[in-house]
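Peer 1: So the protein sequences, as listed, match chains A and B. 1 is the number of the first residue of the first sequence in the numbering used here; add one for each residue after it. 1 is the number of the first residue of the second sequence in the numbering used here; add one for each residue after it.
Worth flagging that the hints you see were computed from the coordinates, not collected in a lab. Note that the coordinates shown come from a computational prediction; the quantities given were computed from them, not determined experimentally. You may find that some hints are simply not true.
One copy or any two copies: either way a pair holds, since identical chains are not told apart in the list.
Claimed, not checked - Here are the simulated EDC-like cross-link-like pairs (lysine to aspartate or glutamate), alpha carbons at most 20 Å apart as the crow flies:
1. Lys-226 / Asp-177
2. Lys-239 / Glu-6
3. Lys-226 / Glu-44
4. Lys-146 / Glu-87
Number of protein chains: 2
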Amino acid sequence: MMTQTEQDLYPSRQRAEPEWLERRDPVVHGQAGQEPPVDRALIEQFVRDGFIVLEDVFSPEEVKDLVREADALRERGGLIPESRITERGMEGAEAVRSVFAPHRQSEVFERLASDERLSGLARFILGDEVYIHQSRINYKPAFRGKDFYWHSDFETWHTEDGMPRMRAISMSVMLTDNHPQSGPTMFMPGSHMNYVTCVGETPDDHYRASLKKQEYGVPDGESLTKLAKEGGIVGPAPKAGSVVIFDCNTMHGSNSNITPYERINAFFVFNSWANRLVDPFGETRPRPEFVAHRQVKEPIRPLKAPQSRTTGGQ
Amino acid sequence: MMTQTEQDLYPSRQRAEPEWLERRDPVVHGQAGQEPPVDRALIEQFVRDGFIVLEDVFSPEEVKDLVREADALRERGGLIPESRITERGMEGAEAVRSVFAPHRQSEVFERLASDERLSGLARFILGDEVYIHQSRINYKPAFRGKDFYWHSDFETWHTEDGMPRMRAISMSVMLTDNHPQSGPTMFMPGSHMNYVTCVGETPDDHYRASLKKQEYGVPDGESLTKLAKEGGIVGPAPKAGSVVIFDCNTMHGSNSNITPYERINAFFVFNSWANRLVDPFGETRPRPEFVAHRQVKEPIRPLKAPQSRTTGGQ
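Pulled out of the complex, with its shape left as it was, chain A reads as follows (with noise of 0.2 Å):
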């Protein structure tokens, strides 16, 4: 399915085994000289862990106001087709889980997206003018979260997508107050220095059933035996206002929530402007505009932060 002629360092979903590929990408692009926008202890450890938490990036008013933008969202009208994802919740209702793509359909997530301490801090990281190749807004319920197992996102933009390299980072704004037991997302300190091939084919329109639940793409359980030997497992537990930044091939899954603590974020995934998809290096039929976007006319233009504030540190 691949016209243009572009190299596929990251093979995939195309053995009977997998395999351990190495990195071929550095996982900081910021150049030489250049100050980081957060203190460079914790850009080191980004790159030693493949993820950060930054803490009170966020003004408990701002988090006030996403809030009551992300509680509209699960009601709004008129929503881009399929980007409103449910599931059948506690009572046999549906339940909204996520809304895709919230920076197309609301002025304030749009907002969010630009503002320099996100967008800002994904320009240094990956070294290059940036631009959102996914977003959402995840609603994990109280009682009946679900668990979603562990995954490189990577594997799956590069191999369903066709996102070349990696140069790609995640930051999830944290809405609500998480708790170490309301099923957090986990990551694997350092497995973004390896890239674990997921064996098997792909179906066509897989993406309807992996935006809830992962079947393809689907480490090993040898390999992630072995990822958490190397590096352990961590579930951050950050506070409201707080950003947690990953790598886009740092292993990550929560379990379930069945605490009375609702997890609500928004999820924003930066892309290197030089790193713009082209075909799906899979065997498979792009996924869809909402869920990986083609269709991006300009790079991000940092905006500055409402007030004053500056990014925290952990």
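Once you've looked at the hints, dock chain B against the given chain A.
Peer 2: Only chain B this time, still in chain A's reference frame:
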């Protein structure tokens, strides 16, 4: 269905709305002046929180023997029919999730139930001779361990088994290291002081499904939210050889486990000899003997620990 004259102090599943009833029994029955077999501070903590963790109770060698026997029980022929509970595991194969009544099916676990480090402490807390009301080995698999919803054990034991009073405790011996993110049992501290009744009625033979997943006898979301607000939620992750002890009415549950860490524990419910079962207080017929023991001839005679080990503290 009640034939014995026994007042129902803790009616549940009888009304359309949940209620909070007062606890009518002490948490620790030990007689005044009697020295506890563990630090008094731990006993006070148990009274306040409804659970405690004792670390380093069993030596690594003892744990190794117990794990060997627990592993053997997954496969052993000739077990009590239905006492081995399986569920569909990772590759579609049936995996053993629990073996009930191990102390009746294995000399190793019969000995463990009588070990004074468990039974001696149980006698102190319950202020009486004790026997095993229920026991099981729990195997929570890696990668695909399921969650288990919030519940008070006593609510079930009273309604479905006919346990008259809150005079029973659970002791869970950790046979593997727990991890904060491997779906450990979570507790709501202080919840043991309130009896939250459940709504609705229980169908006959409910026990078959309920051993895997709780559907009836489920507390309402509002009550759980209130209990969590009052006392919080903690998920201790003790090492192998530790013992977690909790009151029969402490609200507890666990999230799923997608980590590569399997969790195995040996679980014993000690009931006061004076608190032996009568007919169920609910409308259902009694659950089978392997789930709720009625054929008990005499109380446990505590056995000294093999080495001169004493019970540790937290």
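Peer 1: Now look at each hint and say whether the structure bears it out.
Peer 2: Right, here's what the structure says about each hint:
1. In this assembly of identical chains, the alpha carbons of Lys-226 and Asp-177 lie at most 20 Å apart only when taken from different copies (17 Å versus 31 Å within one copy).
2. Taking identical chains as interchangeable, the C-alpha atoms of Lys-239 and Glu-6 are never at most 20 Å apart, the minima being 42 Å within one chain and 50 Å between chains.
3. In this assembly of identical chains, the alpha carbons of Lys-226 and Glu-44 never lie at most 20 Å apart, being 24 Å within a copy and 42 Å across copies at closest.
4. Both within a single protomer and between protomers do Lys-146 and Glu-87 lie at most 20 Å apart by alpha-carbon distance, with minima of 10 Å and 18 Å respectively.
In terms of the numbered hints stated before, the structure departs from hints 2, 3, listed from lowest to highest.
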